[in-house]
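K.L.:
The lines below spell out each chain.
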Amino acid sequence: MFFSRQRPGFERALRILLAAATCVSILITVSIIASVLFEALRFFKLVPLTDFLFGLKWSPQTALTADQGGSSGAFGAIPVFLGTFMITAIAMLVAIPAGLMSAIYISEYSGPRARGIIKPGLEILAGIPSVVYGYFAATAFAPFLQHLGAGIGLTVASESAFAAGAIMGIMIIPFVTSLSDDVMNAVPNSLRAGSLALGATRSETVKKVVIPAALPGIMGAALLAVSRGIGETMIVVMAAGLAANLTLNPFSSVTAVTAQIVTLLTGDQEFNSSKTLAAFALGFTLFLMTLALNVAALAIVKKYREQYE
Amino acid sequence: MNKHPLIIDKNTAAGALLKKREAKELRFRIYGILAITLAFGFLGLLLSSVAAKGYTAFLETRIKLPITISAEATSADDYFRPVQESLKKHFPEIKERAEILSMYALVSHDAEIQLKKMAEADPSIIGKPMEIWFKASSEADMYYKGRTSARLNDNQIKWLMALKKQGRVQKFFSTGFFTHGDSRMAERSGILSSLTGSIFTIICCMLAAFPLGLMTAVYLEEFARKNWFSEILEVNINNLAAVPSIMFGLLGLAVYINFFGLPRSSALVGGLTLALLILPIIVITTRNSLRAVPQSIRDAAVALGASKMQATLHHTIPLAMPGIMTGTILGVSRAMGETAPLLMIGMVAFIADVPRNIFSPATALPVQIFLWSNSPEAGFAERASAAIMVLLIFLVMINSLAIFLRKKFEVKWA
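Chain order of the listed sequences is A and B.
So for the first sequence, this note's numbering puts the first residue at 1; every next one is plus one.
So for the second sequence, this note's numbering puts the first residue at 310; every next one is plus one.
Be aware that a few hints might be false.
Stated by the list, open to error - Straight-line alpha carbon distances no greater than 20 Å define the calculated SDA-like cross-link-like pairs of lysine to any residue that follow:
#, chain 1, residue 1, chain 2, residue 2
1, B, Lys474, B, His489
2, B, Lys333, A, Val209
3, B, Lys328, A, Glu204
4, A, Lys119, B, Leu347
5, B, Lys617, A, Arg12
6, B, Lys333, A, Pro97
7, A, Lys303, B, Glu540
8, B, Lys329, A, Ala200
9, A, Lys119, B, Ile422
10, B, Lys454, B, Met494
11, B, Lys333, A, Lys119
12, B, Lys397, B, Met470
13, B, Lys373, B, Ile409
14, B, Lys425, B, Glu408
FYI, nobody ran anything at the bench for these hints, they're computed from the structure.
Using the sequences provided together with the hints, build the complete structure.
P.N.:
The following block contains the structure:
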């Protein structure tokens with residue numbers, strides 16, 4: 001094999017094959033958009049877009065029969081989106097401070113030995129499947145929270161936004177940590193040395209020099225974390241509930257976009273019913289939201305990386 | 310212990326300020342430690358909670374009863390009758406019908422299947438008295454394992470304890486958990502069908518994702534010219550890596566099942582769906598390891614007369630292989646734990662039989678965990694925890710393999 005001749009024809013064919021394989025990834029994106037958009041458009045023929053975007057009532061189960069149709073106003077997605085945003089907000093309140101502080105500790109304080117223990121530990125946390133987090137949230141954390149709430153006279157639903165959000169936040173910690181660790185490592189050491197030489201303490205250096213310098217990257221990491229939270233499925237399906245309540249109380253049961261998609265599409269139903277099409281409409285909005293966040297985040301991170309290279 | 314070369318009197322204004330700044334420094338450091346402790350504490354809590362709930366699923370309670378399979382039972386095809394007769398004989402004082410029924414509920418209906426199999430394998434045992442260990446029902450099993458949530462009434466507890474005194478109740482290692490598929494009976498359900506489904510799914514997934522990912526990465530890294538098109542490809546792949554996994558499920562449903570008409574719930578569709586999900590992971594890690602191969606290797610090959618393609622196939626790819634394998638294995642471990650996309654394509658049905666091939670209806674281990682943890686029965690919750698343990702052990706093995714390969718074959722370029 002090592003003494004083989006060049007075979008231009010074969011090589012050209014192989015090269016075209018490689019290029020074709022590369023185009024598959026584009027094809028995947030296009031077909032995600034096309035298939036989901038196509039079904040979503042069919043849904044919006046049944047239910048007006050304004051009803052979907054601004055309706056305050058979500059109860060797709062009642063609109064099952066044909067004569068009820070979608071125009072009964074049961075496909076108002078506001079409660080569903082509100083639930084997603086609330087759960088994600090709770091998750092971010094846990095994940096961003098904890099993830100950022102861990103990253104600061106790893107990159108600015110810990111020695112190589114501590115780093116060698118902490119990083120793999122966080123990787124283990126990142127490698128646990130989300131269904132396991134969901135199981136923990138639903139069977140251990142939510143009952144514990146309910147018990148705790150009863151103790152101080154607070155009504156906590158057995159499935160609550162807080163239970164799902166807090167556990168999701170912990171799941172996202174390693175994600176935030178590794179992204180922000182990367183961006184903080186990219187900050188040139190000369191900046192740190194300059195600050196320390198002027199007599200600043202380590203924490204002052206971190207707060208006044210490293211973080212401002214790494215801020216775009218950290219923002220990018222935060223946006224990616226939000227996108228991750230919005231798209232997370234198993235934890236919300238198992239721990240947040242399915243009742244589309246229009247509420248801001250984190251201890252009541254809320255639902256989320258992903259949880260609704262799962263409920264609408266599992267079970268045996270007609271593919272063309274407004275119920276399944278509604279799942280695609282939700283999926284399409286979910287895709288648009290996460291795509292916007294990802295594009296923005298990746299652009300920020302990329303621009304920032306070039307700045308110090 | 311003085312960190313500052315200038316000795317500052319703590320009583321002056323500057324000293325007080327320094328003290329305050331040092332306190333701040335300490336606090337900041339403690340926040341960092343707290344954040345890491347939160348993550349690690351949670352990890353410990355999660356693992357210990359799963360282990361504490363799940364380890365009992367590897368044991369099962371069995372009850373030994375004297376049995377005679379009567380000819381009437383075989384002719385009526387009612388193999389639970391011998392168990393009922395035996396229990397009735399054992400507790401002759403119980404007369405009331407409801408009580409008798411609750412006594413029967415101590416023994417699992419698995420006994421029926423067990424006896425039928427025995428009688429069919431060896432008809433000569435019909436009519437002979439025997440002593441046989443039967444599986445206890447899920448509720449009796451839960452009680453015997455010390456679960457407070459077990460729903461046994463006082464009489465049932467009394468009878469179970471009476472049997473225990475005679476040495477007729479004992480815990481055994483549960484092989485059934487590994488050799489049975491899912492079942493409506495918690496005590497009879499196991500992970501074999503879902504584990505097989507997972508393995509089929511992963512095989513399909515890798516057969517699709519690995520060649521595609523490798524080719525994409527090689528093209529982008531070695532052949533593509535830097536222009537707007539390669540830029541788009543690059544952005545697109547990075548974005549695909551961040552698309553929520555549930556979207557791939559929607560795609561699988563709309564394209565594979567509705568458009569191409571592939572069999573719903575099958576491992577094939579599951580594998581192809583997960584392949585889309587891990588494709589970006591494989592592409593990104595493969596590109597990184599290709600990039601790590603020094604340019605001098607390629608130059609040397611080309612200088613000796615190899616074509617660009619030969620240099621890539623004979624030198625760059627083999628040298629990057631350890632990194633590529635590691636990335637692929639990490640992709641496998643990601644696919645192994647993924648649940649949401651599989652729910653979309655119908656791999657969530659009740660599957661009792663072990664799937665025969667990639668076209669038959671299947672479910673996967675994480676989906677099985679989801680299904681069991683949704684069940685209100687304590688027996689299933691225990692099984693969900695045990696299945697999580699099995700899944701995590703698999704993931705640890707896969708990741709250890711990745712680390713091992715990386716350590717063993719990694720090429721360090723000076």
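K.L.:
Out of the numbered hints, which ones does the structure contradict?
P.N.:
Violated hints: 1, 9, 11, 14; rest satisfied.
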